[in-house]
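If you want the building blocks of each chain, they are given just below.
There are 2 protein chains.
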Amino acid sequence: MRETDLLAHIADRSKGLTGAYPGVVVVGPGDDCAVVRVGEGDTLLTVDQLVEGRHFAPQTAVDLIARKAVARSISDIAAMGGTPRWGLATGLLPRGYGHADALFDAMARWGIEFGAPLVGGDVAMWDGGLVLTCTVGGVPHAVRGPVLRSGARTGDELWVTGRVGGSLASGRHLTFVPRVAEGGWLCDVLGTDLHAMIDVSDGVGRDAARLGAASGVAVEIDLSRVPLHQGVGDSVRAIGEGEDYELLFAAAPGASLAAATLQGTLLTRIGRFAVGSGCVSVDARGGRLEVSQRGWEH
Amino acid sequence: MRETDLLAHIADRSKGLTGAYPGVVVVGPGDDCAVVRVGEGDTLLTVDQLVEGRHFAPQTAVDLIARKAVARSISDIAAMGGTPRWGLATGLLPRGYGHADALFDAMARWGIEFGAPLVGGDVAMWDGGLVLTCTVGGVPHAVRGPVLRSGARTGDELWVTGRVGGSLASGRHLTFVPRVAEGGWLCDVLGTDLHAMIDVSDGVGRDAARLGAASGVAVEIDLSRVPLHQGVGDSVRAIGEGEDYELLFAAAPGASLAAATLQGTLLTRIGRFAVGSGCVSVDARGGRLEVSQRGWEH
Numbered sequence: 005m006r007e008t009d010l011l012a013h014i015a016d017r018s019k020g021l022t023g024a025y026p027g028v029v030v031v032g033p034g035d036d037c038a039v040v041r042v043g044e045g046d047t048l049l050t051v052d053q054l055v056e057g058r059h060f061a062p063q064t065a066v067d068l069i070a071r072k073a074v075a076r077s078i079s080d081i082a083a084m085g086g087t088p089r090w091g092l093a094t095g096l097l098p099r100g101y102g103h104a105d106a107l108f109d110a111m112a113r114w115g116i117e118f119g120a121p122l123v124g125g126d127v128a129m130w131d132g133g134l135v136l137t138c139t140v141g142g143v144p145h146a147v148r149g150p151v152l153r154s155g156a157r158t159g160d161e162l163w164v165t166g167r168v169g170g171s172l173a174s175g176r177h178l179t180f181v182p183r184v185a186e187g188g189w190l191c192d193v194l195g196t197d198l199h200a201m202i203d204v205s206d207g208v209g210r211d212a213a214r215l216g217a218a219s220g221v222a223v224e225i226d227l228s229r230v231p232l233h234q235g236v237g238d239s240v241r242a243i244g245e246g247e248d249y250e251l252l253f254a255a256a257p258g259a260s261l262a263a264a265t266l267q268g269t270l271l272t273r274i275g276r277f278a279v280g281s282g283c284v285s286v287d288a289r290g291g292r293l294e295v296s297q298r299g300w301e302h
Numbered sequence: 005m006r007e008t009d010l011l012a013h014i015a016d017r018s019k020g021l022t023g024a025y026p027g028v029v030v031v032g033p034g035d036d037c038a039v040v041r042v043g044e045g046d047t048l049l050t051v052d053q054l055v056e057g058r059h060f061a062p063q064t065a066v067d068l069i070a071r072k073a074v075a076r077s078i079s080d081i082a083a084m085g086g087t088p089r090w091g092l093a094t095g096l097l098p099r100g101y102g103h104a105d106a107l108f109d110a111m112a113r114w115g116i117e118f119g120a121p122l123v124g125g126d127v128a129m130w131d132g133g134l135v136l137t138c139t140v141g142g143v144p145h146a147v148r149g150p151v152l153r154s155g156a157r158t159g160d161e162l163w164v165t166g167r168v169g170g171s172l173a174s175g176r177h178l179t180f181v182p183r184v185a186e187g188g189w190l191c192d193v194l195g196t197d198l199h200a201m202i203d204v205s206d207g208v209g210r211d212a213a214r215l216g217a218a219s220g221v222a223v224e225i226d227l228s229r230v231p232l233h234q235g236v237g238d239s240v241r242a243i244g245e246g247e248d249y250e251l252l253f254a255a256a257p258g259a260s261l262a263a264a265t266l267q268g269t270l271l272t273r274i275g276r277f278a279v280g281s282g283c284v285s286v287d288a289r290g291g292r293l294e295v296s297q298r299g300w301e302h
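Here the protein sequences line up with chains S and E, keeping their order. According to this note's numbering, the first sequence is numbered sequentially starting from 5. According to this note's numbering, the second sequence is numbered sequentially starting from 5.
The reader is advised that the hints may include incorrect statements.
Derived list of chain E stretches under chain S, where covered just means 3 residues or more per stretch with a C-beta under 8 Å from a C-beta of chain S [claimed, not checked]:
#, stretch
1, 47-53
2, 117-126
3, 135-149
Derived by calculation from the structure, the hints in this document are not laboratory data. On a predicted model such as this, the values are computed, not experimentally measured, just so you know. Glycine included, every Cβ here is placed at the ideal spot set by N, Cα and C.
Here chain S stands alone, though its shape is the one from the complex (with noise of 0.2 Å):
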C-alpha cells in the first residue's frame, strides 16, 4: 500500500473524532499539524519507542503490536496520577509492509480505549524493521496535580499494584491494562500522602531505586511482601524483570490503604525508604542485596 493511501485512510477512519470529542480534537489527522484544546492548566506529555526485535518479536499479532506501542505511553501518564486526553503515532513500516492498515487502525482503536485519541502521526517506509512511536498528552489529577519519582521521604512506604514477574514469558507484556484508574484513585484517597510514583517498565528493583534516587533517599524491598504472578517463584528474578507495568509508589507511613485491594486491584507494602542511597531486597533471613541494576533496561 502507498503511502498516501495509508494517510488518507487514517483521516478518512478519523472523520468523527472531533465529534466523539468536542472541545478536545479541533482538527484531526489529514492536516499539518493536529489541533486540540486542553484548556487551562498542566498537560502531561509523553512518547515512546516500540521496535522490532526490541520490545516485540516478529511474529506478534498486529493487534497486540498496536496495543503495546499505546499502552506503554498511557502507562507513563498513569504514573503521574493522570488521565490521557490525546496521542499522535508514527510508523516506520518495512517496504513491503502488509499489514499498515490493520496497524494504524488498531493503534487508532487502542488509543480510544485507553482515553487518548490519536489526533496525528506520520507514517514512513524503509528496508529496516517495524518500529513504533505513540506520544500521549494527558492532565494530572485535578487535586493532587502531577505525582513525580522525586517526592520519596525517609521514612515512606513503597507500595505496589497488583502482582510482578514473569511478564516477557506470559505475554503479559502485551496485554496488561495501563493503571491509569488505579493512579487516579491514590490521587483522591492519598492525596498529598501521596509522594513518588513510577511505573515498572524496567523492574521494581530497578524503578524503586530511581524513585529513591530521585528522591535523594534509600529503599528496601521486602522480598517476602512482593506479589507474583501465579507461576512466578523467584523474587529476586522476579523484580530484576522489566515490562510489568504496574505502579510503585512512596506513600507517608500509616497512609490509609488498609484495604489493600482498589476494585479489584491489589495494593501491597512491599518495602520503605530510609536515609541514605541505593535499593536493596531484603530476604526473610535478612540477606540484602544491592537491586539497582538488577531491571531490564529499555
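Once you have looked at the hints, place chain E on chain S.
This is chain E only, laid out in the frame that chain S set:
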C-alpha cells in the same frame, strides 16, 4: 554509551529548562512525563520521523541530522500559522552508535533555537539504522486561529514564500529555517483573507494539489512565475522535487501582498484556484501538465 547514562546526561543538561521557560516547562526530562502549561485555547501538535537512508545520508553531520529532525516538525507548526512551544524527541540508535550525546545535545539546541524546547523523549538502541522523531506542540495565531489546508476558494491566488527547487542537491533540506515568522506575519497581514496554507515538503505540485483537494477546488500553477533557486533551471522538475519547506498558501484575490517581500523573504503569486479538481502547471505557451503526483512522497 549506556542508555541510562545518556538519559541522565539529557536530564542534567535540561535542568535549566524550567527556569528558562517559566510557565511553560513545569517538569522537563527525567520523570515519567514532561509537564507543560499551555494555558487556555488550542494547542497545535505534530510529529515527524527522520530516517537514515531516507531523509538523510548515513555520512551526514550529526548537527545537521538533529537540525532537520526538529526543523521538519517546526515547519508543520509554521504551516498552520502557529508558534511552536515545546517538543519531544525520540532516538532509535544503531548499537554502538558513537555520537548519541552530540546528537541529543544538538536536537536540544535546535529545539530552543526554533522555539520548541524539548521537554521529554525516549531513547532505544537496536541493530538497525538511525531513526529520530520529533513531536512539537504550539499555539495558533491569536487572532487568525489555525490555518488549515481546506479553506481555499475558487478565485483565490496561490502564493509561495522564498524560492524552490534543488533542495536535496544543494543541501538546503538540511539547513532550511522553518517559516514560522513568515507564517505569523501572513496571519497578521491577511487575517481571514489567508484562506489555506501548507509547507512544501513533497514538492510544490503535490502540495498545491493537497490544498486543492482539501478545499474541493482545482489549482493552476503558472510555471513561469515559480521563483527558483540559483542554479535551478527546470521549473517542471523544481515543482516536482521535495523538501523546500517553503509556505504555499491561498489568499483572497487582490490580497494586500503587493510589496511581495517580507523582511527579506520573497513572496510570489504563482497560480490560482479554480472550479474543478487536480493540479496543473501551465507553461508560457499554454501547455498544461498534471503535476499532482510529481512530488517526492515522504
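Structure-based check of all given hints:
{"no.": "1", "hint": "47-53", "result": "holds (count 7)"}
{"no.": "2", "hint": "117-126", "result": "holds (count 4)"}
{"no.": "3", "hint": "135-149", "result": "holds (count 6)"}
Of the numbered hints stated above, none is contradicted by the structure.
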